[in-house]
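Engineer: Here is how the chains run, residue by residue.
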Amino acid sequence: MIVAGIDVGGQNVHVVIKEYGQILVKGAAPAGIKKAEATEALYDKVLKQASISRKDIERVVVTGSAAKRVSFANGFISDVAADARGVMRLFPNARTIIDVGAEEGRAIKVSSDGKVLDFAINDKCAAGTGTFVEAMSRALEVSVEEMSIIALDSTKSIPMNAQCAVFGESEVVSLIHQNISKSDIARAVMDAVAGRVGSIARIVGLEMDVVLIGGMAKNNGFVISLQKNIEMEVIVPDDPDYMGAIGAAEVALSGIFE
Amino acid sequence: MSQQGKSIEFWRWPENNWVNPDIDWKKGKFITAGVDVGSVSTQAVIIVDGEFYAFGNTRTGSNSPNSAKNGMDYSLEKTGLKLENIDYCIGTGYGRVNVPMAQQAITEISCHARGANFMYGPEVRTVMDMGGQDCKAINIDERGKVLNFMMNDKCAAGTGRGMEVFADLIHVPVWEIGPRSFQISKEPPSISTTCVVFAKSEVVGLLEQGVPENEIIAAYCSAMAHRIMELLKRLGVKEKFAITGGIAKNEGVVKRLEKELGIKTAEQAWHNPKYRKKNYPFDTQLAGAIGAALFGQSLLEIGKVKSVRKT
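Going down the list, the sequences are from chains A and B.
Residue numbering for the first sequence is 0 to 257, as defined by numbering that gives the first Met the number 0.
Residue numbering for the second sequence is 0 to 310, as defined by numbering that gives the first Met the number 0.
If we strip away everything but chain A, and leave its shape as in the complex, we get:
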């Protein structure tokens, strides 16, 4: 049986095609403004890569903030359930899942049998999301990728006063004027995001193992800042941004969804 799991997020779409336990092919693309069209295009592109057609796919399960816009879905699943499903399949010892995406941050508490016990979400405010880092990277005139690396060279910890991304941009500009090094500013930004994410995680309670997923998990500077903030080691899977799509595919395989 071949199934598809799709995650339509605030910024990117991820598609995973699975045949039983094995991932056949996967792909990602920017969601843009017309998310339904972007999803459709990526889905066909990924299928073509694996030389399979739409009718070979038994089921399509979609997750993510814009999931309902996908017309060819057989079913939907919430982000929280998809995250839990995807992570527990790979890391059965995970008890806290932290997912930091472009426009959302969430923390999920799971039981040993994979049940979601509690979760907390921030989808109202850009502080504590990838968008915050992106906005600061524009002010700093450094790419997000570069920022994640130079943050590791920082020697000084500078607290950021602004919580809001709009105010944060002005703060970064004034830090530049104060001749603070780009590394130290990059770290201040990562620390600020980690602070926000850490407090969401503390709402559900932190318990080992902590698995970090979502696009921000690819940002090493952030991972270090988060570990410091929560005073715990954090596990990052190989493709942290695909976890939602993998979870959706798992659910599609099981055949149990709404």
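Keep in mind that the hints were calculated from the coordinates and are not lab data.
If you're wondering where the values come from, they're calculated on a predicted model, not measured in any experiment.
The C-beta atom is built at its ideal place from N, Cα and C for all residues, glycine as well.
Errors might be hidden in some of the hints.
Which residues of chain B face chain A? A few of them, derived with a C-beta cut under 8 Å, are [what the hints assert, rightly or not]:
no., residue
1, R58
2, S61
3, A155
4, P187
5, S191
6, C194
7, V195
8, F197
9, E207
10, K239
DSS-like mimics (lysine-lysine), calculated; alpha carbons at most 27 Å apart, straight line [as the list claims (entries may be wrong)]:
no., chain 1, residue 1, chain 2, residue 2
11, B, K153, A, K123
12, B, K232, A, K123
13, A, K67, A, K25
Use these hints to put chain B onto chain A, whose structure you have.
Structural biologist: Relative to chain A, chain B alone:
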């Protein structure tokens, strides 16, 4: 300074200054100044024996002391007064501790309360100050004393800065936002995201879908009204209700807020009939600086502080 308004920076509102032609400062006993260095704008107001004499309204630069100096110079520009002629100066606002010419600093909450009492009259019980980077709802008594307040200074949604970001995004000058928000056939649903950064993507999405610009402006104004409403609900609104700060000039937000509250805001005109009849300029951004200058006046009158006047 206001020349910069001609450039294509849509957030940039015009700066202005004024002097009262009916007052001869040389005859005044006490001349006091209030300097309100906000995060976005700086105002300086000069009061002569409790009478409104002059003001300057400028944009805050990257450095508070310089911004305070610019604002002060701008208010003195048309007066013939010099800084040395001023008896006492009080700083207020976000940059109040960095006002070099001030003898002391008073918080903007107290100053806005006092200023609103002077501008809108002693019947005012709730003041909403909608500033550049924060907004505050303040309950006051008949003398303009603060009874209680609520404040948002963490989030740009519902602040002037948020409106500036929006104006820049949609390429409409900030002072046209209000009038244009009513040039619509029907009231659209408000922007659903709270965060200014997310609202930006939402607005881009709406533009892309071909939603008329004025409808998007209306949607943003009602989102802002809604945001302010939440703060007011927590504090409790009592009439008369007055709005101060830059956003008070945006009828797109104010009228929608009135509708949501079910309360009319105080008329934007001087409470003092003398000022009203003579058509003195009434600028909602001045409340903080007026309050600060009035505090200086009272302190001198009761002899709590000494005049620092040099000439």
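Engineer: Each hint should be assessed against the structure and marked as holding or not.
Structural biologist: We went through each hint and held it up to the structure:
{"no.": "1", "hint": "R58", "verdict": "violated (13 Å)"}
{"no.": "2", "hint": "S61", "verdict": "holds (7 Å)"}
{"no.": "3", "hint": "A155", "verdict": "holds (4 Å)"}
{"no.": "4", "hint": "P187", "verdict": "violated (18 Å)"}
{"no.": "5", "hint": "S191", "verdict": "violated (10 Å)"}
{"no.": "6", "hint": "C194", "verdict": "holds (5 Å)"}
{"no.": "7", "hint": "V195", "verdict": "holds (5 Å)"}
{"no.": "8", "hint": "F197", "verdict": "holds (6 Å)"}
{"no.": "9", "hint": "E207", "verdict": "holds (5 Å)"}
{"no.": "10", "hint": "K239", "verdict": "violated (31 Å)"}
{"no.": "11", "hint": "B:K153 <-> A:K123", "verdict": "holds (13 Å)"}
{"no.": "12", "hint": "B:K232 <-> A:K123", "verdict": "holds (20 Å)"}
{"no.": "13", "hint": "A:K67 <-> A:K25", "verdict": "holds (21 Å)"}
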